[in-house]
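Visitor: One-letter residues, chain by chain:
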Amino acid sequence: MVAPAPRVVTTKGTSVKTTDRHGSRATWRSIAVAAPIAAVTFLGSVAWATSVNPNTTSTAAVAPAAPAAPAQATAQATTPAAPAAPGTHKAKRRAVPKPQPVYTPAPAPQVHAVTGASGG
Amino acid sequence: MARGELVESFTSMASTITMRVVDPTDGAPQAIAEARRIVEDVAAACTRFDPTSPLMRANAAPDAWHIVPGVCADAIAAAHAAYLATDGRFDPRVLTQLQRDGYVTSRDFTDVPVVDKHPVPAPVIERTPWEPGFDGRRVRIGAEPIDLGGIGKGLAVRWAAEALRDAGAGILVDAGGDLVTRGVSPDDGPWLIGVENPWEATGDPLVVIDATDAAVATSSIRLRSWQQAGRVRHHLIDPRTGEPGGAGLVSVTVIGTDPSDAEVWTKALFLEGAAGIERAAIARRMSAVWVDAFGGIGMTPGAQARIVWQVSHADH
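Residue numbers (my numbering), protein chains in the order written: chain V, 1 to 120; chain F, 1 to 316.
The hints are simulated quantities; they were obtained by calculation from the structure and are not laboratory data.
Since the model is a prediction, treat every value here as computed from it, not as a measurement.
One or more of the hints may lead you astray.
What the hints assert, rightly or not - Where chain V lies over chain F, by a calculated footprint (3+ residues, C-beta under 8 Å): (1) 4-16; (2) 174-180; (3) 189-195; (4) 203-213; (5) 218-227.
Cβ atoms here follow ideal geometry from the backbone N, Cα and C, with glycine treated the same way.
Kindly produce the complete structure, drawing on both the sequences and the hints.
Guide: Okay, structure coming up:
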């Protein structure tokens, strides 16, 4: 499976939130720290994207892209998280289930013929 | 808007042969009859399952000269050209190995592939070059008998399509694994061809390709793989070893322009196995799709450009 690209999640005031390719998130509150981190993260995502060999097609690479249209991609209902104890910031983040995209694959089009095993 | 079409379907070469002519001309019925005659002539001349066929009479004394029907002589010549073009990967002399492994009658062995997921490499054997002789309809096969099954079907599709060339605005000649399309489809759009899922042939295809003005052929072990004395056998013999080849692969589909060439290259690429097929197909600029023993789908950029639909991993 190809790992998701690292990306900057949000920037707000002097705070930058990032997510790396493994899904780990971090919040950088000082702009002096956040700016370089955001730049490195962005460049990392570019390097990751260009590292995919366009001439080589693997099983994962030929998989159909998940439909991204809002009409097809609907957020799955999630169970509300139980309130975390005061001061347990990390515990609270882990308790929130990650929303999973749900989509219906397009049905196979009508074909004129099928190629496969045949008699001989 | 759907167009009018003539459809002819019959059984030959142990397969259902279907011919479709879109917007047929007045001469289309005659052209279809001629195309059908060609297919049946090739089947009768080149079958290895009838000991009285011209091929098998020649195979009985392969080193002697024999007069055979024109389609049989042409098929042997085409097989030799394919042998040279593939550096011997395509070698019809594997007949002896097929018979040794129990494939002596025309039949289906199973409906799902029998897969050896951890094959042991077979040792390479010594083979003399194949040097048949040709003199019009007189042929000398060579030291060993040959099997024209696969290439015979590809040639029948090629020659039938040539007979239908002026029969309408579009044609399809489909012999199961091997097919060719020309011109428009009955839906006024592209000819859409599904690539069979080897594990669920009656379900959705694995991919659907735009095969307009193209030939498509598949070599698959879905119907012709079996166990013999505890060993997995199938009908795609590697002439370098004399054993079933294509380690780790279940099917290979090639999209090209000629059905006989596509048929030859499905076999030659299959023998590269899961480890080598991508490199070999790209090196020869082939449009190929393959399915490995673990259900993975691979394809070259040329094939990917023709994909109009692909099964999702959730369905596959």
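Visitor: All hints, please: hold or fail.
Guide: Here is how each hint holds up against the structure:
A stretch counts as covered by a chain when three or more of its residues have a beta carbon under 8 Å from one of that chain; for the segment 4-16 of chain F and chain V the count is 3, and the coverage holds. Coverage of the segment 174-180 of chain F by chain V holds. Counting CB-CB distances below 8 Å, 6 residues qualify, and the rule asks for three or more. Check on the segment 189-195 of chain F: 5 of its residues sit with their Cβ under 8 Å from a Cβ of chain V, so the three-residue criterion for coverage holds. Counting residues of the segment 203-213 of chain F whose C-beta sits closer than 8 Å to any C-beta of chain V gives 3, which meets the bar of three, so the coverage hint holds.
Coverage of a stretch by a chain is defined here by at least three residues with a beta carbon nearer than 8 Å to that chain's beta carbons; for the segment 218-227 of chain F and chain V the count is 6, and the condition holds.
Violated hints are absent here; each numbered hint is respected by the structure.
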